[in-house]
Amino acid sequence: MGRGKGDGGRVLLEVKGLRVSVAGNEILKGVDLTIRDGEVHAIMGPNGSGKSTLAQVLAGHPAYSVLAGTATYEGKDLLDMKPEERARAGVFLAFQYPVEIRGITNSYFLRAALNALRRERGEPELDPIDFLQFLEQKLKAIGWDDSMLNRPVNEGFSGGEKKRNEILQLAVLEPRLAILDETDSGLDIDALKTVAETVNKLRGPDRAFLIVTHYQRLLNYNTPDVVHVLADGRIVKSGGPELAHELEAKGYDWLRDAAMVS
Amino acid sequence: MTSIEAHVQQPYKYGFVTDIESEVVPAGLNEDVIRLISDKKGEPEWMLDWRLKAYRNWLKMSEPHWPNVKYGPIDYQAISYYAAPKKLPKLDSLDQVDPKLVATFEKLGIPIEEQKRLTGVAVDAVFDSVSVATTFQAELAKYGVIFCPISQAIREHGDLVQKYLSTVVPINDNFFAALNSAVFTDGSFVYVPKGVRCPLELSTYFRINASSTGQFERTLIIADEGSYVSYLEGCSAPMRDEHQLHAAVVELVAHDRATIKYSTIQNWYPGDEEGKGGIYNFVTKRGKCAGANSKISWTQVETGSAITWKYPGCILQGDNSIGEFYSVAVTSHKQQADTGTKMIHLGKNTRSTIVSKGISAGRGQNTYRGLVKIMKGAEGARNYSQCDSMLIGDKCGAHTFPYIDVRNSTAIMEHEASTSKIGEDQIFYLRQRGLSSEDAVSMIVNGFCKEVFKELPMEFAVEATRLLGISLEGSVG
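From first to last, the protein sequence lines stand for chains A and B. Residue 14 is where the first sequence starts when you use my numbering, and the numbers rise one by one after that. Residue 42 is where the second sequence starts when you use my numbering, and the numbers rise one by one after that.
Among these hints, one or two may not hold up.
The calculated lysine to any residue pairs, modelled on SDA-like cross-linking and capped at a C-alpha distance of 25 Å, are [claimed, not checked]: (1) K462(B) <-> P165(A); (2) K89(A) <-> S477(B); (3) K317(B) <-> P279(B); (4) K95(A) <-> D480(B); (5) K95(A) <-> K491(B); (6) K491(B) <-> R164(A); (7) K495(B) <-> D140(A); (8) K491(B) <-> V112(A); (9) K436(B) <-> V35(A); (10) K206(A) <-> D140(A); (11) K214(A) <-> H258(A).
The set of hints was computed from the structure by calculation and includes no laboratory data. All of these numbers come straight from a predicted model, not from anything done at the bench.
With these hints in hand, go ahead and build the complete structure from the sequences.
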């Protein structure tokens, strides 16, 4: 189940007719999207097509205004939830541009975030010692060392380290829906491989992915169940993994033209 | 930025008034009032003469207006210069402290009752113009450490007081220092003898309670050769529509190889959202590293007061002496702060470090003003300064005025400055990980202040973190 083409399993997220504007410009012009438990969806598309907007609006960034449409997550109105409520319900966004937080170590930050989630689930909070043990297991599972843990969150991190740090947070916070916003951009080939392999390890029947990307290269490693092409604020084509290869070969123009015509 | 604006509305938590019978002298300032204060304190003649000399100096001086703050004229004749609870215990018998006073300090988190004392901390509790209790005096005396109200020190350790008083801050140093010298009422006196490491943290808590009064405290700390002392002061006041003046003077003297660590958590009533009421905190604090290899370290967390005007500084006279200044100043609502430090390098190989963190929220205005002066004889002097400002919202301001005066070409000076803004993106990032917006702001601000907080004694670092959370609660939505 779940790995088919969106035909089995429970619906985790259902987006219908979503129209979104930022600073008065309409970016998303009616997006429909259904993600079931454990599925991996890729959103591809040219620059400016609205890919990142979709990621941000699903996570609840306050700068985006929803004009119309709905997004239902686990049966609840996602758009009515605060960003932290979405996070606590299991929606995770790996940021395209992770921010720096001076003076706060990664491990302190991760523990605060994990405990916020645990409180929501009615689980006891982890003290620093228990958390360290928990973290060691997580690191071991993904085969990473602890070199980033005692550095301030993203401060002085290279672009690649910042992206890796997002994936580390994903591994620790164990979301049900992980949205990766251009996690592959700015990564060299080795870093890309590390990130992609980790994402594969984190795939599972209880975790769906929405991978937003401009290029097909990440999808070589993380084979999606469904590929959607977003152009000019609409999903103009959906298909299996082979669609990504087609885009790599032909570019986006033929689809953009199709979008303009429709 | 509308949601970021929404927040600075947290009520002040220490704004209660203690209903206690007080003796308040009528408002106004003249030589008779000074004689009255001196008489109430049972002071020797030399002290009264000293006060009168300060008063006559003050009459010739004018209020400074160079700080980057705005306020209406202060009527010095409308202030009462002495207020004290009527029922006062005899010194050294804490059991006789009026239960209302005990309850007041308890409510402020400063237990003065025997059985509830803070472990490892000796406390001098000052209520309006008088010290009402000083804990652990006898314990400290075993080590030869004197820790008592300054009024008691003037009576019992007159020679020491006379030897050091106004040697660091002269009576005519500035308008408010001269005023303080004329009318100061209480404060703490500390003497740590040669080679003694003071076994307890020493702490004074200042509480203003009476209305239409000012508080003029005076603190004098002397660390003799090779000694060490860590001292902390805290303060608060009721919420009132009027502005109340707090003009303190603090003098520190460190002899050869002595270290004084002085920490302040300042939480005077800051006034309301419209800037009504609040304390004018006009303070002169200065330490002298008189001996070689001595060290004075100032750490301040300033969250309260309508206006803060203070520059805790160090005169680095002894060779190889070290001066440090670590500061967090928060201005929200309509608070104004003009604060920083002065590091005066006189001795050879003297070093100073300045780390200043200014946080502005609401319509607060925050100014760092600092002077680093390297005198001719200060061969090999070094200074490192770091001034960081953080803005929350778009109606507040941050200003930095670093003055550098170098008269010896061997000096090495470093100055770093930054200004950052807590933005929606930072808050959103943390909220996306499950933190509430309050926790997000608190995390960002605490990270920003980390270098300063780590200088505070353990017991108070927690308090400072909490206090900062309260002052900024509501500043981001």
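Practice task
Decide if the proposed pair is consistent with the structure: K436(B) and V35(A), CA atoms, cutoff 25 Å inclusive.
Solution key: holds (24 Å)
Practice task
Take a quick look at whether K95(A) and D480(B) sit within 25 Å of each other, Cα to Cα.
Solution key: At roughly 14 Å apart (the allowed maximum being 25 Å), D480(B) and K95(A) satisfy the hint.
Handout entry: Pair hint K491(B) and V112(A), alpha-carbon separation not exceeding 25 Å
Key = Since the Cα atoms of K491(B) and V112(A) sit roughly 18 Å apart, the hinted pair holds (cutoff 25 Å).
Exercise for the section: Given the hint that K491(B) pairs with R164(A), test it: the Cα-Cα distance must not exceed 25 Å. Expected result: holds (14 Å)
Practice task
For the pair we were handed, K214(A) and H258(A), check the Cα-Cα distance against 25 Å.
Solution key: Holds, at about 23 Å.
Practice task
Take a quick look at whether K89(A) and S477(B) sit within 25 Å of each other, Cα to Cα.
Solution key: At roughly 20 Å apart (the allowed maximum being 25 Å), S477(B) and K89(A) satisfy the hint.
Practice task
Could you grab the alpha-carbon distance between K95(A) and K491(B) and see if it respects the 25 Å cut-off?
Solution key: Outside the cut-off at roughly 29 Å; violated.
Handout entry: Straight-line alpha-carbon gap K206(A) to D140(A), limit 25 Å
Key = violated (33 Å)
Exercise for the section: Below or equal to 25 Å on CA atoms is what counts here, so check K317(B) against P279(B). Expected result: With a Cα-Cα distance of about 13 Å, the restraint between K317(B) and P279(B) holds, given a limit of 25 Å.
Problem - Restraint check for K462(B) with P165(A), where alpha carbons must lie at most 25 Å apart - result: holds (18 Å)
Practice task
Could you grab the alpha-carbon distance between K495(B) and D140(A) and see if it respects the 25 Å cut-off?
Solution key: holds (21 Å)
The structure is inconsistent with the numbered hints 5 and 10, although it conforms to all the rest.
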